[in-house]
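Chemist: Listed below, chain by chain, are the residues.
2 protein chains.
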Amino acid sequence: MAAQQLGLATESQVQRGKILTATNDEFDGVIVEVNEPMDPKVFHSILKASISLWRQQGKKGVWIKLPIGLVNLVEPAVKEGFWYHHAEPTYIMLVFWIPNSENTIPANATHRVCIGAFVMNDKREVLVVQEKGGRFRGSGLWKFPTGSVDEGEDICDAAVREVKEETGIDTEFVEIIAFRQSHKAFFEKSDLFFVCILRPLSFDIQPQELEIEAAMWMPLEEYEAQEFVQSHEQMKRITEIYKAKVDGVYNGFSPVLTDSGFSDAKRNLYLNEKAMKRQ
Amino acid sequence: MAAQQLGLATESQVQRGKILTATNDEFDGVIVEVNEPMDPKVFHSILKASISLWRQQGKKGVWIKLPIGLVNLVEPAVKEGFWYHHAEPTYIMLVFWIPNSENTIPANATHRVCIGAFVMNDKREVLVVQEKGGRFRGSGLWKFPTGSVDEGEDICDAAVREVKEETGIDTEFVEIIAFRQSHKAFFEKSDLFFVCILRPLSFDIQPQELEIEAAMWMPLEEYEAQEFVQSHEQMKRITEIYKAKVDGVYNGFSPVLTDSGFSDAKRNLYLNEKAMKRQ
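The listed protein sequences correspond, in order, to chains A and B. Note that the UniProt record's numbering gives residue 87 to position 87 of the first sequence, counting from 1, and the numbers run on in steps of one. Note that the UniProt record's numbering gives residue 157 to position 157 of the second sequence, counting from 1, and the numbers run on in steps of one.
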């Protein structure tokens, strides 16, 4: 009965704008999205009342998403004990832990994901580019296309997209032959770089104007003979792996869509499929 | 001469606190770290003067890192055109692009990285746990240890650490047999889950009290026969891969420290080392 009265009071408070509108999450927490401008002092007092109510309700984590246009509400939230969880160009996510126990708030994303793509035609020539910017600008190095995986994008799709963007070549994804983990790639964040093999579906190169100085098909042996590739341990090793792959004596990981059981979407599981098929 | 005069003026302005102290980055940008409290209005006017100077100097990206204690300086920066780049519990990083050209500010981290660890003793028993919390709580499922890779941590080290923390078992890392990419794992962020094989160096289980309900060595066939493993496509497939590995007919990727050429630190390149050695 007391709980029911509390419930009724709550609903009426929310309706009267005295309590923030929140949705429950799966972990006994609440998520608040503020989308309308509000006076910072008014926001602060409503936030206090809301936390007090959520505490009574046994809520644990409280998430507040504030669009960048409501930057003036960040300070009152922090004064109330919230801290930053993550931020993107258009919003900041703040978080607070109500119980006295240690918080189980999940960590923020730690890695950026990048790809490099080897594409070979039937003359044993690989697709290479020279970049207008970046660390290899003006070095004369012909390198394989590289790029970042976008938010929510599959690694295999990112490789196909980057090759198309930089060179105009259509491809289909084959496999990942190696990957590298680097730390402090930008500020404290790490990066995972996946070396991919793609099969070309077109051959007529059209270099992207903004980022690419030049693109061409280059004999694999000529690519490998470049001084930079020879003198750079990691580039040399990746090239050796690629040659082993071309020669048919190496298996990497290819993507297989599998049902994860936790959502409707199928996820790519990357595995040594040739080894599994051989069994 | 004009440039030199500009340079002199700059230094004296910085000394008098009229321009923010900044360090240059590799991409014609500047990085500002504010660590002392400042009146938001004073900060705003110094920021305006600083941007004007950096514009004259041809600077492009401007980064401002503000500790959470200086939350009152976030609003003036946003009013001046800055947007959020990323945030961690203790600070927010704001960014601004001075030129009229399209910005080349790198994207924020998009992925969290997690590991799962198969450890087998010489009786063909695998190390399994039941968790106190999480989605499998109370399900009766015996699962292999899992966890998140910390900021700046190598995947192989994270696997060894998680097994030790959850079960007290010391291990050495062998290889990654598969990995899965999932999207919208938390809010808009993705996750990469690496399935690892480790070799046990000790056998006496001591389950962690906080997170682990129970831990044991379980015959592989018994693990596999669990209803959840059988009915869950992805778990079943991962178990099949693991069995192929145990039977010696499957190669995953193992880490090899290689010189990346761009920093003093060696980086782990993960590759099918057995295939390379067979050549």
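Think of the hints as simulated: they come from the structure by calculation, not from any bench. If you're wondering where the values come from, they're calculated on a predicted model, not measured in any experiment. Ideal placement from N, C-alpha and C gives every residue a C-beta, glycine not left out. Hints should not be assumed to be uniformly reliable.
[To be verified] Far from chain A, by Cβ distances over 10 Å, these chain B residues were calculated: (1) K18; (2) K79; (3) A87; (4) A107; (5) A109; (6) R124; (7) E151; (8) I177; (9) K184; (10) F187; (11) L201; (12) A265.
[Claimed, not checked] Some chain A residues close to chain B (C-beta under 7 Å, calculated; not the full set): (13) T21; (14) T23; (15) C114; (16) F179; (17) Y223; (18) Q226; (19) Q230; (20) Q234; (21) I241; (22) V246; (23) Y250; (24) S254; (25) T258; (26) R267; (27) N272.
Chemist: Indicate, hint by hint, whether the structure satisfies it.
Modeler: Outcome of the hint check:
no., hint, result
1, K18, "holds, 25 Å"
2, K79, "violated, 8 Å"
3, A87, "violated, 4 Å"
4, A107, "violated, 6 Å"
5, A109, "violated, 4 Å"
6, R124, "holds, 18 Å"
7, E151, "violated, 5 Å"
8, I177, "violated, 7 Å"
9, K184, "violated, 7 Å"
10, F187, "violated, 7 Å"
11, L201, "holds, 23 Å"
12, A265, "violated, 7 Å"
13, T21, "violated, 18 Å"
14, T23, "violated, 13 Å"
15, C114, "violated, 10 Å"
16, F179, "holds, 5 Å"
17, Y223, "violated, 17 Å"
18, Q226, "violated, 13 Å"
19, Q230, "violated, 12 Å"
20, Q234, "holds, 5 Å"
21, I241, "holds, 6 Å"
22, V246, "violated, 12 Å"
23, Y250, "holds, 4 Å"
24, S254, "violated, 11 Å"
25, T258, "holds, 5 Å"
26, R267, "holds, 5 Å"
27, N272, "holds, 6 Å"
Violation of the numbered hints given earlier is confined to hints 2, 3, 4, 5, 7, 8, 9, 10, 12, 13, 14, 15, 17, 18, 19, 22 and 24; the remaining hints are satisfied by the structure.
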